[in-house]
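A.B. asks: Quick mapping for you: the protein sequence lines, in order, are chains A and B.
Going left to right, the first sequence walks through residues 1 to 497 as this note's numbering numbers them.
Going left to right, the second sequence walks through residues 1 to 473 as this note's numbering numbers them.
Just to be clear, a hint being listed does not mean it is correct.
[What the hints assert, rightly or not] Label pairs and their calculated CB-CB ranges:
id, chain 1, residue 1, chain 2, residue 2, range
1, B, V400, A, A30, 53 to 59 Å
2, B, F268, A, D55, 33 to 39 Å
3, A, K108, B, D437, 32 to 38 Å
4, B, G397, A, S205, 22 to 28 Å
5, B, E130, A, L201, 53 to 59 Å
6, B, P218, A, G60, 55 to 61 Å
7, B, E345, A, Y212, 54 to 60 Å
8, B, D145, A, S235, 25 to 31 Å
9, A, P5, B, V400, 55 to 61 Å
Keep in mind the hints are simulated off the structure, nothing from the lab.
Remember, predicted model here, so these are calculated numbers, not experimental data.
A virtual CB, placed ideally from N, CA and C, is assigned to each residue, including glycine.
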Amino acid sequence: MEGFPILSLIMLSPLAAVILLLFVDDARVALVRGIAIASTATSLALSLYLLFIYDKVKGGFQFIEKIEWVQSLGISYHLGVDGISVAMVLLTSIVIFTGVFVSWVGIKHRIREHYMFLLLLVAGVYGVFMSLDLVFFFLFYELAVIPMYPLIGIWGSANREYATMNLTLYLSLGAMIALLGLLSLYFTAGAKTGVYTFDMLQIASLSYESGYQIKVFLPLLFGFGVLVPLAPFHSWSPTGHAAAPSAVSMLHAGVLMKLGAYGILRAMWILPEGAQFWMPWVAGLSLINIFYGGMVAMSRRDMKFMIGYSSSSHMGYVLLGIATVNIIGVNGAVLLMFAHGVMTALAFSLIGFVYDQAHTRMIYDFSGLAKKVPFVAVAFAIMGFASSGLPGLANFVAELMVFIGAFKEYPVHAIIAVFGIIVTATYMLRCMRDVFFREPMEKWDDLRDASTFVERLPFVFLIAVLLIVGFYPSVLVDVINSGVVPLVNKLNAAQVG
Amino acid sequence: MEMNLFRLIPEFIMLGTAFLLLILELFLPKGSRKAFGVIGILGTVSAAISLPYQDYGLALAGLFVQDQMSIYFKWLFVISSVFVLYIVMLYEDKINNWRGEFYSIIVFAISGMMMLASTNDFVSFYVSLEFVAICLYVLAAFLSDSRVTSEAGLKYLITGALASGFLIYGISFIYGATGVTGFAEVAKALQGVEPTGFVLIGIVLVVIGLTFKISSIPFHVWSPDVYQGAPTPVTALLAAASKAAGFVVILRILFGALGPMKGEWMAFVAVISGITLLFGNLAAMPQKDLKRLIGYAGIGSAGYLLMAVAAASELGAGAIMFYLLTYVFGIIGTFTAIVVFHNSEGSDLVESYAGLYKRSPLLAFSLFIGLLSIAGFPPLGGFIAKFYIFMAAIKEGLWVLAVIGALMAIVAMYYFLLVIKSMYLRQPTNPAPIPVDMTTTGLLYFVNAATILLGVYPGPVTDLVMNIAQGVF
């Protein structure tokens, strides 16, 4: 599309805020927050607008922007979105917009720097979802990972230095391995056409020998899989969640993990035969994610650890959906990425709200909070229901689609995976019972409920999104579907051929 | 036999400046020599001004060549020279018994490096190399009343002399096989010839001899001690300019003169690169002294650069040139900050940097940018450079090397993040702010901006180096 560079604006809005914040005095907290809110609100409004102006009938990559960056090596600043990216961009906007408010409440020192890193990270995330150039894809991917280091290291809770180093190194290792695979693609594609370019559209339009595809898909799967996190490369994730401040956990579980799944989808699109070869493995590993994550979540007493492991369990469903390689399964996976992103952001913001006052997150430290903080209790219950896949909330639709898709391809896996829901329901309901119900404790008499506009806004907003998508999923599914159909068709054609 | 001396004008300007400084030393009373730094910088700037007016071609009857590549590297040396001289001016305050020769020897060393960039013959190469080496031996041991410095200087001298021996021995073998010493003539003589044992021994010895200057295996041992013990401006000179000089020589000799034999040395260089990568990065992990840490990290960087050498392609040559530019900026920013910090605190230990972000946001930020660029974090220049090196390696199918490089990049992240952690995550023990004067502030801003700009908009420089690389073989 000529003219209005909507994608660049969405991405540059947080980046512009970072540059603006460089020149703001630390003490002017209101201005700092104002800038952060204004920039994320702009991105959110534009992302919503994008959802409605994206041409679902036409499908494919739209709003393409391309500027030569390094001419001699065929690198360009090349943006474009398909249905899948549109949904992911919207998710990112929702989570960061609410995250800014959560940080308003939760972050008390070095506020300006906190917002700078947070917004830098988000710019990276937007970039990954929009890039059609492999170099920029990688660059943005790293830009999304590296700010995690100071974000957890400076504003995190217990064990933060270990957690942040572990996380940064693990994710960077994944990125480096994926980079080697991407570079190999560049040279193989260039040798075929004689034109060396990092243009993803160009590289994906060629066909490669199956042996090569199988070989190169592996580093990409590993590289992006680490971020999902695909078992057994998940150990960085729960420690990172637990140590991170609330807004960072929200982004981390809500959005960053989706980068990994998104990367895998793109790799599948480029290397369909390689994907077909490895997908049964992914399906198998996804069960480990679902059950191992679920079981560990059940055994955790720290609520953040519980949600952290629960996230890797839920990402198992996403992986299972992706591995089905059929239209309904992949649609379900992408919708679940969205739904889980919103749900888990809600979970971390709620836990963060309680932790900031109580300074503990241990389930056994609490009892009967519903009497003291009814609003938080209700929001937490809705989150728990969403997480357990109750109808009426977005996660139900998504998980249902994943299961329907999985029954077609991997019936045994699907039957096993369904029991994962019971595991989820068990720890969610138990946590709710122990923390919010039963007898109230005296020591929590001073606990304050979310009462101000700033405190309530993120919770209400996230719940509203879960409900809207739960009752009217086609607002998203239609768009996602326009991106999924060509992808699945290409993969199925590769299987036949 | 054309002499074409005007092609040596930049070198002459530098040499003239150095002699002027030597003579002035005689006439001035003892005391501060800061004016020498200014004169040195002015001389360097005049040499820089003459660079764009240089035409390409041979000089000194073919011993010397002026081409795009030599001009590119001379720019690197000129930039390093200005900043190193400036760092000396900062450093001088803290040293008793300061002697003005320090400035002139640095300018001599830089002029030697500029000649190295233009050597076109094994004879002129060896002479220029020794000229630079002798200057650096003196500089490394300049603080003769410090035991650490004396030890560092001695180590540097002994390993350097040994490496020179390897080089000259190797060169004699190559001369024996070809009967010529000019790089172009050697390449011509080796074109299409089956390699004899004579040539192979020559190549192996030359490659080993060259590893001294770039501080890679097997002549790396001097590097941590000298980086730690030498006066900090000298460490900066060794890290930035001297390393670049080593690699321009490698491009001239391995790619140029011995290019036809690349099938023979590629695997050898690849092995050296792999071991260097592993050693430098792993040994850097437990270091407590920042200068020593950078010394080991410098070995690691040599490993990456050798990875591009092992690729033996135009892309590899371009990657080397890009890497060195980002490296020069990274090192300069880092060492300027180190000197300012040392002047105030008297320590180079990583732990003494605790909470630096509170005491001097600018110093902390400069170290942040400099170190992370060397480590290869996006979107800084060093990242793009490392990216190009990986490209070159993958293109030639050097998968094992690329995977080692990828793993070691993570190790490098680890030890540089430890420094960042100390600066940003810890609280200072002494909260007094560290003052940074106006000129230093300006220079640091400039260097940081250059590092970021090379990462965000690498297009023009990339196009330039890739164009230069076309003629490297």
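A.B. asks: Hint by hint, say whether it matches the structure.
C.D. replies: Hint by hint, here is what the structure shows:
1. V400/B with A30/A: 53 to 59 Å: holds, 56 Å
2. F268/B with D55/A: 33 to 39 Å: Taking Cβ atoms as reference, F268/B and D55/A lie about 57 Å apart, which means the hint is violated.
3. K108/A with D437/B: 32 to 38 Å: Between K108/A and D437/B, where Cβ atoms are some 34 Å apart, the hint holds.
4. G397/B with S205/A: 22 to 28 Å: holds, 24 Å
5. E130/B with L201/A: 53 to 59 Å: Hint holds: Cβ distance 55 Å, inside 53 to 59 Å.
6. P218/B with G60/A: 55 to 61 Å: Because 56 Å falls inside the window, the suggested range holds.
7. E345/B with Y212/A: 54 to 60 Å: holds, 55 Å
8. D145/B with S235/A: 25 to 31 Å: violated, 52 Å
9. P5/A with V400/B: 55 to 61 Å: violated, 43 Å
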